[in-house]
Amino acid sequence: MSSSTPLSVRYPVEAEDPLVLAPEQVGALLAGAPWQRFAVLGDSLAAGTGDPSPGYAPLGWADRLAADLRAVNPALAYRNTGRIGATTAQVIEHQLAEIVDFAPDLVHVSCGGNDLFTGGDIAGVHANLSTILRALAATGAQLSVFTVADVWSTERMAPMRPMRAQMIALNEVTRAVAVEFDAVLTEFWNHPVQTRPNLMSADLIHFTTSGQAVVASETVKTLSARIAGS
Numbered sequence: 001m002s003s004s005t006p007l008s009v010r011y012p013v014e015a016e017d018p019l020v021l022a023p024e025q026v027g028a029l030l031a032g033a034p035w036q037r038f039a040v041l042g043d044s045l046a047a048g049t050g051d052p053s054p055g056y057a058p059l060g061w062a063d064r065l066a067a068d069l070r071a072v073n074p075a076l077a078y079r080n081t082g083r084i085g086a087t088t089a090q091v092i093e094h095q096l097a098e099i100v101d102f103a104p105d106l107v108h109v110s111c112g113g114n115d116l117f118t119g120g121d122i123a124g125v126h127a128n129l130s131t132i133l134r135a136l137a138a139t140g141a142q143l144s145v146f147t148v149a150d151v152w153s154t155e156r157m158a159p160m161r162p163m164r165a166q167m168i169a170l171n172e173v174t175r176a177v178a179v180e181f182d183a184v185l186t187e188f189w190n191h192p193v194q195t196r197p198n199l200m201s202a203d204l205i206h207f208t209t210s211g212q213a214v215v216a217s218e219t220v221k222t223l224s225a226r227i228a229g230s
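Oh and the sequence shown: position 72 is 72 in UniProt numbering, straight run, nothing missing.
Quick list of the computed label-pair ranges, beta carbon to beta carbon:
id: 1; residue 1: 118; residue 2: 74; range: 37 to 43 Å
id: 2; residue 1: 24; residue 2: 158; range: 38 to 44 Å
id: 3; residue 1: 23; residue 2: 131; range: 33 to 39 Å
id: 4; residue 1: 176; residue 2: 221; range: 20 to 26 Å
id: 5; residue 1: 77; residue 2: 16; range: 31 to 37 Å
Hints in this document: simulated from the structure, not taken from any laboratory.
In this text, all values refer to a predicted model and were calculated from it rather than measured experimentally.
Quick reminder that beta carbons are idealized off the backbone N, C-alpha and C, glycines included.
Based on the sequences and whatever the hints tell you, model everything.
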């Protein structure tokens with residue numbers, strides 16, 4: 001096939017996807033991972049919502065990462081309270097206490113987009129994300145966040161293009177709170193996965209499971225860097 005053929009065509013299955021780590025690579029990167037209690041809270045990005053992709057396991061990124069961590073630490077406990085449509089205020093009200101009580105030593109936070117979809121302001125998102133991360137940091141857990149990818153260049157994504165500027169602002173806030181609370185930050189804004197024609201689900205909001213697999217792999221890489229630096 002031509003080298004210009006889209007990756008989604010040249011690599012139609014998970015085992016041949018160059019952006020998805022093989023199990024042995026994951027194991028090597030997570031060797032020495034100290035975490036025993038992994039938690040995720042937030043919105044549908046936290047929950048791993050997305051349409052299935054042929055040739056890929058039907059799992060969201062967080063469930064994949066939990067399985068990867070469990071391969072290193074079989075006793076790993078995992079809880080995911082992510083909910084479709086949750087705003088940052090709803091995460092504070094309905095999820096935060098449960099996750100704090102769970103006592104994680106690794107916790108990922110993904111939320112803020114729904115606030116902006118429903119007319120919320122970025123200053124409010126920043127304040128609420130700071131509240132969430134501050135409460136979680138107080139538990140001593142390692143925090144994790146990621147930015148959203150710039151997926152709005154294709155014609156298919158044209159209906160969602162007005163949200164691009166707000167997602168840029170959300171990414172800026174995400175980077176700021178990552179620095180403030182020493183969170184592991186996984187960057188997706190310019191990640192090559194963004195060009196794949198089958199990346200987005202029918203709702204044009206969530207990654208398909210092929211994209212979820214890439215998210216899990218990239219998060220493994222950033223966590224590995226934190227393990228190596230600890």
